[in-house]
Amino acid sequence: MPSIEQTFSLQVPSSTENLALIRDFVTSIGEQSGLGADELPKLELAVDEACANVIEHAYGHDKTQQVTIRATFDADEIRIEVVDSGRGFDPDEVPEQDLARLIKERKTGGLGMRLIRSLMDEVHYELQPGEKNELHMTMKLKKEPADR
Amino acid sequence: MPKPFSVRKATEGDLSILSPEGYLDAHTAPEFERTIQEEIAGGRCRIVADCQKLDYISSAGLGVFMGFIEEIRDQGGDIKICGLAPKVRQVFELLGFDAVFDLVEDLPAVVRKFAESPTKEV
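From first to last, the protein sequence lines are chains A and B.
Here my numbering is used: position 15 in the first sequence is 15, and no number is missing along the way.
One rule links them: number in my numbering = place in the second sequence (from 1) + 1000.
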């Protein structure tokens, strides 16, 4: 049976207040895609982290800006794109610090990208600072056995 | 459409018991941060985070634990965490927080742990 690709999108003002709405959106799409119960919270958390990064770092909590989340799935995978037009931030250019060092320096951040990378199967960025930055994340579908 | 978050405070002997409830994310983490700050300012550095009613945590929530633990241990105290639901515990473990914090089953176990090991050796 051919796989039908479906795409959904949500655009919200850049405010942490909207993280709950974003999580609900992604969870709903994940459920529709047939994502397993173990994987659904991972998708929810990865998208929360990505959007929180945009709100905080790309837009500096400027609520007049917009964050767009696009979710596409087919029979094999679910792909998420988080799009912003803020300051481009390439996490690959920031060395990953270990937890002990972050604690020593009394940091409260620096964990989000690490989480995203450990939760998703593929992660990459396309950056055009001030124009369009896109974070692409993919999770392979490990579907639960159908009820008999 | 913010999800509810609140923190209840109680004491048991010299332990401050903080019970975060609901969704701890980048939006609600500042409230949790303020609560811990108040405890430190009041000289209460033996802190239990009783998370049995915590439904969700993101790295912003974990960042609160991370940002204060050094100061608290410098003062001879600790933050010990109990009652984590499997989904929430998984996030702590993914980032290696189980090596840095005592994650224990429930409140009685935390009380015992504070008696045995006031500050986790890391």
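Read the hints as simulated data drawn from the structure, not as lab findings.
Note that the structure is a prediction, hence the values are computed from the model and not measured.
It is possible that some hints are incorrect.
[Said to hold, decoys possible] Facing chain B, according to a computed beta carbon distance under 8 Å, are these residues of chain A, among others:
#1 L115
#2 V123
#3 L141
[To be verified] Output of the computed footprint for chain B on chain A, the stretches with three or more beta carbons under 8 Å from beta carbons of chain B:
#4 52 to 66
#5 95 to 107
[To be verified] Label pairs and their in silico Cβ distance ranges:
#6 B/D1074 to A/E77: 31 to 41 Å
#7 A/Q11 to B/R1112: 24 to 34 Å
#8 B/P1086 to A/E5: 24 to 34 Å
#9 B/G1042 to A/R101: 25 to 35 Å
#10 A/R101 to B/G1043: 20 to 30 Å
#11 B/Q1075 to A/Q11: 38 to 48 Å
#12 A/E5 to B/G1076: 56 to 66 Å
#13 B/P1108 to A/R87: 41 to 51 Å
Note that the Cβ used here is the ideal one computed from N, Cα and C, for glycine as well.
Hints and how they fare:
Proximity of A/L115 to chain B holds as hinted, the smallest CB-CB distance being about 5 Å (cut-off 8 Å). Because the beta carbon of A/V123 sits about 15 Å from the nearest beta carbon in chain B, more than 8 Å, this interface hint is broken. Hint status for A/L141 relative to chain B: violated, with the closest Cβ pair at about 19 Å, above 8 Å. Check on the region 52 to 66 of chain A: 3 of its residues sit with their Cβ under 8 Å from a Cβ of chain B, so the three-residue criterion for coverage holds.
With 7 residues having a beta carbon nearer than 8 Å to a beta carbon of chain B, the region 95 to 107 of chain A meets the requirement of three or more and the stated coverage holds. The supplied range of 31 to 41 Å is broken by B/D1074 and A/E77, whose beta-carbon atoms lie about 47 Å from each other. One distance hint, 24 to 34 Å for the beta-carbon pair A/Q11 and B/R1112, is violated here, with the actual separation near 50 Å. The hinted range of 24 to 34 Å is satisfied by B/P1086 and A/E5, whose Cβ atoms lie roughly 33 Å apart.
For B/G1042 and A/R101, the Cβ-Cβ distance of about 29 Å falls inside the hinted range of 25 to 35 Å, so the restraint holds. Checked against the hint of 20 to 30 Å, the pair A/R101 and B/G1043 passes, with Cβ atoms roughly 28 Å apart. Between B/Q1075 and A/Q11 the Cβ separation comes to about 46 Å, which falls inside the hinted range of 38 to 48 Å. With their beta carbons about 58 Å apart, A/E5 and B/G1076 fall inside the hinted range of 56 to 66 Å.
The beta-carbon spacing between B/P1108 and A/R87, approximately 49 Å, falls within the hinted interval of 41 to 51 Å.
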